[in-house]
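Asks: Sequence:
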Amino acid sequence: MAYRQALGRHGEDLACAYLLEQGYEILARNWRCPRGEIDIVAREGDCLAFVEVKTRRGHRLQYPEDAMTSAKQRRVSELGRWYLAESGVSDVDWRVDLLAIELSERGGPTRYHLVRGVGAY
0 MAYRQALGRH GEDLACAYLL EQGYEILARN WRCPRGEIDI VAREGDCLAF VEVKTRRGHR
60 LQYPEDAMTS AKQRRVSELG RWYLAESGVS DVDWRVDLLA IELSERGGPT RYHLVRGVGA
120 Y
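Note that numbering that gives the first Met the number 0 gives residue 56 to position 57 of the sequence shown, counting from 1, and the numbers run on in steps of one.
No wet-lab data here; the hints were simulated from the structure. From a predicted model like this one, the values you see are computed outputs, not experimental measurements. The C-beta atom is built at its ideal place from N, Cα and C for all residues, glycine as well. Hints may be right or wrong, so weigh each one.
Now the in silico label distances, taken between C-beta atoms and shown as ranges [said to hold, decoys possible]:
1) Asp65 to Leu26: 17 to 23 Å
2) Leu60 to Gly106: 14 to 20 Å
3) Ala5 to Leu113: 20 to 26 Å
4) Asp12 to Gly44: 19 to 25 Å
5) Gly87 to Tyr62: 24 to 30 Å
6) Trp81 to Arg56: 17 to 23 Å
7) Ala84 to Thr109: 34 to 40 Å
8) Arg80 to Glu104: 35 to 41 Å
9) Ala5 to Arg31: 16 to 22 Å
Make the full structure from the sequences, and use the hints.
Replies: What follows is the structure, given as structure tokens:
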């Protein structure tokens with residue numbers, strides 16, 4: 000379990016740097032509520048993005064994108080609604096984004112794949 004947590008934390012660090020390069024503003028990391036956690040809450044222009052980060056070393060068994068199931072999309076959308084309610088924000092465009100990151104065996108990024116608007120709203 001410690002390996003997965005360390006891999007996830009490393010992936011989220013890389014994700015934040017990548018999103019900043021893409022013009023996003025990071026609002027929160029690992030935002031939690033009673034129903035779960037959003038990896039990254041960010042803003043791109045006038046739109047809030049609830050970003051799910053999937054990190055893998057290579058893709059021998061599956062690509063990181065494969066871990067973003069429709070159930071996971073619904074869950075992140077639900078958590079996004081919790082975030083909006085707790086923040087008192089109601090009049091804002093929002094979406095769920097997926098950032099898939101592949102790492103080399105040494106841990107450096109070999110591929111980023113940002114998918115905007117994957118969530119079910």
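Asks: None of the hints should be skipped; say for each whether it holds.
Replies: Verification of the hints:
no.	hint	result
1	Asp65 to Leu26: 17 to 23 Å	28 Å, violated
2	Leu60 to Gly106: 14 to 20 Å	18 Å, holds
3	Ala5 to Leu113: 20 to 26 Å	23 Å, holds
4	Asp12 to Gly44: 19 to 25 Å	24 Å, holds
5	Gly87 to Tyr62: 24 to 30 Å	37 Å, violated
6	Trp81 to Arg56: 17 to 23 Å	31 Å, violated
7	Ala84 to Thr109: 34 to 40 Å	38 Å, holds
8	Arg80 to Glu104: 35 to 41 Å	39 Å, holds
9	Ala5 to Arg31: 16 to 22 Å	19 Å, holds
Hints 1, 5, 6 from the earlier list are contradicted by this structure; the remaining hints agree with it.
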